[in-house]
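4 protein chains.
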Amino acid sequence: MALDVTASGLFPIAPTPFLPDGRIDDASVATLMERYLAAGATGVTVLGIMGEAPKLEPEESLDIAARFVTGMAGLPVIVGVSAPGFAAMRSLSRAVMDKGAAGVMIAPVPSLRTDDQILTYYRQAIEAIGDDIPFVIQDYPLTLTVQMTPKVIRQIVQDHPSCVMLKHEDWPGLEKISTLRGFQKDGSMRPISILTGNGGLFLDFEMERGADGAMTGYAFPEMLADVVRLQKAGQRDAAHDLFDAHLPLLRYEQQQGVGLAVRKYVLMRRGFIGSDAQRKPGGVLGAAARAEVDYLLSRLARTDPRANI
Amino acid sequence: MALDVTASGLFPIAPTPFLPDGRIDDASVATLMERYLAAGATGVTVLGIMGEAPKLEPEESLDIAARFVTGMAGLPVIVGVSAPGFAAMRSLSRAVMDKGAAGVMIAPVPSLRTDDQILTYYRQAIEAIGDDIPFVIQDYPLTLTVQMTPKVIRQIVQDHPSCVMLKHEDWPGLEKISTLRGFQKDGSMRPISILTGNGGLFLDFEMERGADGAMTGYAFPEMLADVVRLQKAGQRDAAHDLFDAHLPLLRYEQQQGVGLAVRKYVLMRRGFIGSDAQRKPGGVLGAAARAEVDYLLSRLARTDPRANI
Amino acid sequence: MALDVTASGLFPIAPTPFLPDGRIDDASVATLMERYLAAGATGVTVLGIMGEAPKLEPEESLDIAARFVTGMAGLPVIVGVSAPGFAAMRSLSRAVMDKGAAGVMIAPVPSLRTDDQILTYYRQAIEAIGDDIPFVIQDYPLTLTVQMTPKVIRQIVQDHPSCVMLKHEDWPGLEKISTLRGFQKDGSMRPISILTGNGGLFLDFEMERGADGAMTGYAFPEMLADVVRLQKAGQRDAAHDLFDAHLPLLRYEQQQGVGLAVRKYVLMRRGFIGSDAQRKPGGVLGAAARAEVDYLLSRLARTDPRANI
Amino acid sequence: MALDVTASGLFPIAPTPFLPDGRIDDASVATLMERYLAAGATGVTVLGIMGEAPKLEPEESLDIAARFVTGMAGLPVIVGVSAPGFAAMRSLSRAVMDKGAAGVMIAPVPSLRTDDQILTYYRQAIEAIGDDIPFVIQDYPLTLTVQMTPKVIRQIVQDHPSCVMLKHEDWPGLEKISTLRGFQKDGSMRPISILTGNGGLFLDFEMERGADGAMTGYAFPEMLADVVRLQKAGQRDAAHDLFDAHLPLLRYEQQQGVGLAVRKYVLMRRGFIGSDAQRKPGGVLGAAARAEVDYLLSRLARTDPRANI
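Protein chains in written order, with our numbering: chain A, 1 to 309; chain B, 1001 to 1309; chain C, 2001 to 2309; chain D, 3001 to 3309.
Some hints here could point you the wrong way.
[To be verified] Listed below are the simulated DSS-like cross-link pairs for lysine-lysine, each with C-alpha atoms no more than 25 Å apart in a straight line:
id: 1; chain 1: D; residue 1: K3099; chain 2: D; residue 2: K3151
id: 2; chain 1: A; residue 1: K232; chain 2: A; residue 2: K185
id: 3; chain 1: B; residue 1: K1151; chain 2: D; residue 2: K3151
id: 4; chain 1: C; residue 1: K2151; chain 2: A; residue 2: K151
id: 5; chain 1: B; residue 1: K1185; chain 2: B; residue 2: K1232
id: 6; chain 1: B; residue 1: K1151; chain 2: B; residue 2: K1185
[Unchecked claim] Estimated spans, in silico, between C-beta atoms of each pair:
id: 7; chain 1: C; residue 1: D2131; chain 2: B; residue 2: G1282; range: 16 to 24 Å
id: 8; chain 1: C; residue 1: G2234; chain 2: D; residue 2: S3275; range: 31 to 39 Å
id: 9; chain 1: C; residue 1: D2004; chain 2: D; residue 2: Q3256; range: 32 to 40 Å
id: 10; chain 1: B; residue 1: D1026; chain 2: A; residue 2: S188; range: 43 to 51 Å
What the hints contain is simulated information worked out from the structure, not anything from laboratory work. Quick reminder that beta carbons are idealized off the backbone N, C-alpha and C, glycines included.
Work out the full structure: start from the sequences and follow the hints.
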């Protein structure tokens, strides 16, 4: 099934589970998928920035993508194919689509500066992968240093019918959602799906501004799915109550650089993965940090029993 | 009174209050100081990044600094003197110290990259302002793009006896505090004061890692002072309870670029300042954002009556 | 006399001459102006990046500007007014225009990224200084990290009637000149003056692409004036012959960071200024580098007797 | 044969020749090697930044490397293996060494800032590829934005016995060569080979400062080899005479972004390669630029008959 503009709900950004010796942990991949399905995921994204993609051999990347396609019960699988060169991007894109992926996600290379450079980059990328593959724009200035204005995003959407989704993780980013939805209302941009990332730090209000859901890897995907669902059901206060209870931990996980170590540690404690090992080079969580996360979990467990581990 | 390494508690980063027509709002300066004193401030910092310093004429800057020295009941006033050139830095530093400031704060210029460049910059800065002025290192990579390792900070401290404080706002930054306090323990660095910024986003744990207090401008300085006090008193859970109640709003205020607009809006609603006007060019808070802040205040008011406005 | 779009020829970027003790060298300011006039300058630019402007006190800046206005025989004086804040930009702009400057030059702040940010910045700057002051856009990505496309420059020109000139120092930059002149031909941009900088490294071809002259500080301003004159007279080969003879030295001077030390050293050896001192912090030319420059001068003297010193 | 610290002379940075339809031009690869050998090359470097490496499929990269190993008459072949992830770096390094490469070249990833980050990166890279592969540090701040001080380079050299060479292309960079050779003299760093890049823009003086040769891709490799040879023979004036004759063209070729188009155009006109095609996305040389290059060639031909084409 191909990804299209109606995508919504929760697409977790899947980490790649490793054994302590660095090999891929196949059993944990299976467990992870079960848990995502149980949590209410409506899709999944693999080989993203937080998936340690650059540490994988090409055949490993392809294998991971294929396993998720098989295991996610028919839900759409988006594969991150960002690469410094278009040859690698094309190869991986064609290969994962052959395996059954629903679409690919493309981040701009960090050297892009002007609006024209960004537009040219996406034109060349689509020329390379082909205009028959549904793709997602990843807009993540904090990490990528590339700033896309709403007008630039609109131009990419209008230029490329195969663009079906924005992974929104600009910060601050609430006005950007409103502006893009405004473009749809005034007819200057066709509708697209907007899923938000950035660790979920503003998911509460992003839903109110018009997001269709979340695409991020917070270690409690159930909470993300619940907030999306509650907001869509108009239960604003309940959505914020749940979100606020998680915010202390979520904020702790959403630290650049060490965030993945926190996330894997919590996922391990929750039984989603067998080990919090990262393939080298990876961040390591010190004893003080682990104790802080444990404390945050214990506090969270007072209101959300899922944190009682 | 000169600033020294024993400084602790809360040093609010003071915004500069403007009238809607762009003139400085003298009455609000007075109110602001009263409120800071009532909130438990142990000092104040003026002309920082969030104080709109680059929009002030030189005489205005000097006047603002002088008013705070006079009005803060003898508490130490730190003045931001960061400038693209050392001539301006020297002039402002000497002038504000003549007016009674307790010390100055110096951020590195954004072009610095290597450890040596950073060390050279501080050496030249201190040569310019004189080694008799107590100074604060501002370590704010997110905005300044300059990354100082703990070793570089230690070297600055050891090279310059007039360095008395670190304004810590690296992100992530908890390990940095632990490392610096470790340097003190192993005798390789003399003690300094560490006050933390970054909007207060990790103040809860920063205190546990060894910070002496907060230097940031969150619109509820009482909360910052309370968390510092509770943590020093060993009341960990109470500190976190209070902090967590504020985190949804604090996170909203701690958005790059629009944060000052949020902060001034809340300070205005709380009566700390008469208007949320920024001197041009300034961020403007749209109707949706104002409504979101109002909603966050109403939610906060359920547990902290100070938000009941 | 106000600067207008007909400006052409050579506007040297004037260094600020200092005595070895750091004071401004008034006598050398006078000599410098004589030499510029003798070299065929048609104007001059002061307080640019290579004028050590950030090391000057505000009153010194104003004094330097006033001295050039008085001493340049009625030729237009452009004053660099780039500043981190609009308050300082406005003050200096109004003050130097009162002293008789012909216009001001404004570089974008390094944090600007998107086209919209750049356009907004210039709109705010012109709002601050007033739309009655002729201004020059400085387009220098190598140092400023801001990339302005031809379309963005065109928009600034069209939005602001007081924009009269582009200081072009993009690299590579030849196509940019052609594109901008193409905009004039197709009627989408009104004519402006284009003077080129970047140390003069491509002046030979920049004139052929449509530049009106040079605005840079190479230590042989006579050569710059001659190349401009020869190219305008259609003496292409002669222009390139002269340019090529200077290129080994010009290239040596056009090194980021140490370039000013080279330039001042040659200007001193040529008697344009009394000392090559820079105000602190400044680059220092080591013995090996001085010997290299001397060698390059001796080689140049074989074909250009002006280098025989 | 393994690369070692005695490497010197000329290692051209080989472009990858393409047919107009984008396939690799095997015939031109063969011609290119013949010409390099005839020009006096003492080795060659493939898959560098100017070799369009990111546009190649993994098997193509390996094939190119293997062809050069076979065709360069036993001279050492260095292979660029820089990659965003260590998995790809390791795979390519092991594979090309198996094919007979003499060593690999590693550039730092652009996100590195502090000295410690750079040292850690090289430690992890060597851990990944193995400490049995001779490697070259690529120091190219202009493109990579990573600034390595001489002290950092010394530390890498001292930490890793398999480090045998520095590809020096800092700008300005003359003092850096002197400083590194000074480290060797004072015994704080073991000897390494230093070959200089940056298009050759300062090769004349780099040799005098202690470089062992050139590693760059200027379209007249004979000139580079001659300058290296003349300088080693003590024929300073002759070296500079030859260099200066080429400088106008060399400077034109050494423009960021369009440089490769210029280089391939000249190589094509000289019969080194059959087409100046770049694989997409690639720079295109406009008519005006081609005419400028032709003009520069005709001028160069007056003193260097090799340009008479």
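Hint-by-hint comparison with the structure:
Note on K3099/D and K3151/D: the hinted pairing is violated, with a Cα-Cα distance of about 34 Å set against a maximum of 25 Å. Between K232/A and K185/A the alpha-carbon distance is near 19 Å, which keeps this suggested pair within the 25 Å criterion. At roughly 15 Å between alpha-carbon atoms, K1151/B and K3151/D fall within 25 Å of each other, so this suggested pair holds. Proposed proximity of K2151/C and K151/A is supported: the alpha carbons are some 15 Å apart, at most 25 Å.
A C-alpha spacing of about 19 Å is found between K1185/B and K1232/B, which places the hinted pair at or below 25 Å, so the restraint holds. Simply put, K1151/B and K1185/B have alpha-carbon atoms about 14 Å apart, close enough for the 25 Å limit, and the pair holds. At about 21 Å, the beta-carbon gap between D2131/C and G1282/B stays in the expected band of 16 to 24 Å. The hinted window of 31 to 39 Å between G2234/C and S3275/D holds, with their beta carbons roughly 35 Å apart.
Restraint check, D2004/C to Q3256/D: a C-beta distance of roughly 33 Å satisfies the suggested window 32 to 40 Å. Hint check: D1026/B to S188/A, Cβ distance near 46 Å, so the stated range 43 to 51 Å holds.
The structure fails to meet hint 1 from the earlier list, while all remaining hints are met.
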